[in-house]
Amino acid sequence: MLLETLGQIQSISTPVFLWGKETIIRGRENVALTFDLDLSQGNQSPHFIYRTPQNDDYRVGLYLPAAGQNTPPLWLEEFTTAKPKIGLLQLNYRAIAEQLQGGHNNEYVAKLISIVQTETKALSWLYHPRYQERVKQRQQQEEEKRQQQHNERQARLQQYPILQAQQAEQVLQAKTRLQLAYHDLEHRPYGSNQEWAPLSGETVSKGNCVRRCRICGAPVDPPTSSGCCRNRQCFIARRKYGIRC
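Every letter in the sequence shown is one number past the one before it in numbering that gives the first Met the number 0, and letter 244, counting from 1, is 243.
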């Protein structure tokens, strides 16, 4: 009698569907239903399948688990794969039993149907189509993020040889300036206090411009009172040749 009556219900109250802390669908009361006889057949499926007039693309299935059954039905994965737009609900016997106390069989069934229609705790979701959609969306977002990270790594790898060449050029220029400075030092009179001339092609400017060492030409940042860098070789050269920077 219960099975016959459940096929005739015209509304139910559905519970919230959670995926971890994320709400896939909120609980709803008095969801209108129409029994779908064509789909409610076969052993590897829910006992009842209903149409939802508000959205004809989707269906709602109702499954009555065996007493004491704590695991999803074996057919669940195959069924949802074949029919991903059918949400599946199962009866929660414990929640129903809390509100059922004795009474005649007919009264018992009528009260059970009333509970299913009005109490969201009486049912729980086995599957919902939006869950699958959300999983696909999350997978797509993660794939896009991985692709973006891969592209950024590739861009950095492509820039690495260019940066290496630029650094090598800067090192070479610094070495060249140092060699020219030492060469000039060797040709100065011993103990000369002559002011150090700027490098070839470089103009000396004042104000906010970067100051360069008067011996090796390297930038001096922050500027020193002597106007020379803190390079040990430049310090030795100053002491050796009596240069006052």
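Don't read these hints as lab results, they were simulated from the structure.
Mixed in with the good hints there might be a few duds.
As the list claims (entries may be wrong) - The calculated lysine-lysine pairs, modelled on BS3-like cross-linking and capped at a C-alpha distance of 27 Å, are:
id: 1; residue 1: Lys120; residue 2: Lys110
id: 2; residue 1: Lys120; residue 2: Lys20
id: 3; residue 1: Lys20; residue 2: Lys135
id: 4; residue 1: Lys174; residue 2: Lys135
Each hint, compared with the structure:
Our distance criterion of 27 Å between C-alpha atoms is met by Lys120 and Lys110, whose separation comes to about 15 Å. Restraint check for Lys120 and Lys20: the C-alpha separation of about 19 Å stays at or below 27 Å, so the hint holds. Our distance criterion of 27 Å between C-alpha atoms is met by Lys20 and Lys135, whose separation comes to about 17 Å. Our distance criterion of 27 Å between C-alpha atoms is broken by Lys174 and Lys135, whose separation comes to about 58 Å.
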